[in-house]
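Please take these sequences and the hints and turn them into a complete structure.
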Amino acid sequence: AGGRAASAAATTAAARDRGRRAAPSNARLASRPVSGAKTLPQLCAAVQAGASCMGADDWAAAYGALARLYRGCTMQLQDDIGAGAVRAQRQAVRLELVLPAATALHAQVPRLAGHMLPRHASQALWSMSVAHCYERAVFDTLCMRCVDGADDMAPHECAMAMLAFGRLRHYHPELLRLVPQVMLRELGRASPADTSCVLWGYAALRIPGMPCKP
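Read in the UniProt record's numbering, the sequence shown has 129 at position 129, and its numbers run on one by one without any break.
Hints are supplied without guarantee of correctness; some may be wrong.
Said to hold, decoys possible - DEER-style ranges, computed between Cβ atoms:
1. Met-144 <-> Arg-189: 20 to 26 Å
2. Glu-135 <-> Arg-87: 21 to 27 Å
3. Ala-150 <-> Ser-35: 29 to 35 Å
4. Gln-48 <-> Leu-187: 38 to 44 Å
5. Tyr-134 <-> Gln-48: 17 to 23 Å
6. Gly-188 <-> Glu-96: 20 to 26 Å
7. Ile-207 <-> Cys-53: 19 to 25 Å
8. Arg-169 <-> Arg-68: 17 to 23 Å
9. Arg-87 <-> Ala-150: 36 to 42 Å
Because the hints were derived from the structure by calculation, they are not lab data. Quick caveat, the model's predicted, so the values are computed rather than measured. In this text, a Cβ means the ideal position worked out from N, Cα and C, and glycines have one as well.
Following this line, the structure appears as structure tokens:
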């Protein structure tokens, strides 16, 4: 009897262990509707529902998807209704869909900041600039994640950060100083596209004393 009880207990424990391994994490469950979203309304709804369960990878991917779909939506609006009426429609889309989703993502930054790498943070900076969802505290945190991860920063991350700075016409002094150091350190890995994006960002900022200032 004792042997049968021990065997049954072992079987139950093994089944429980298999169940734990098979059960998807909350982050994986949250990422499924986000990765499957094909339209801006679908994505925004999925982000608001699942942001609190996202890990750093899914969070950055969701923010990037939000920016790309918003940009695509505004371009489609221009084709459909003409440039004259685009501004009001674009503002309505941003306020009703994009801003609530971005707010849900921004709310996760305190929880995720310690897990973010420069690739997550620079992607999010670019997304923030494209989606027009600037928030000072989030911006500063993302920039500092890049600064703190300087040893892991690559030219592409520099390009994303400088594109964001140029679009926002706003920058983070420590990250701005770091970018040329990283670009020089990684010069052999820098693509022409990354280099041109960095130069464009400096030119767009028009900071007094910089070589790009006319």
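So, going through the hints one by one against the coordinates:
Range check, Met-144 to Arg-189: about 24 Å between beta-carbon atoms, so the 20 to 26 Å window is met. With their beta carbons about 22 Å apart, Glu-135 and Arg-87 fall inside the hinted range of 21 to 27 Å. The hinted range of 29 to 35 Å is satisfied by Ala-150 and Ser-35, whose Cβ atoms lie roughly 30 Å apart. Judged by the Cβ atoms, the range 38 to 44 Å given for Gln-48 and Leu-187 holds: they are separated by roughly 42 Å.
The hint said 17 to 23 Å for the Cβ distance between Tyr-134 and Gln-48, and at roughly 19 Å that hint holds. Checked against the hint of 20 to 26 Å, the pair Gly-188 and Glu-96 fails, with Cβ atoms roughly 46 Å apart. Taken as a hint, the range 19 to 25 Å is violated for the pair Ile-207 and Cys-53, whose Cβ atoms sit roughly 40 Å apart. One distance hint, 17 to 23 Å for the beta-carbon pair Arg-169 and Arg-68, holds here, with the actual separation near 22 Å.
Distance hint check for Arg-87 and Ala-150: the Cβ-Cβ separation is about 39 Å, which falls inside the suggested range of 36 to 42 Å.
Consistency with the previously given hints fails for numbers 6, 7, ordered from lowest to highest.
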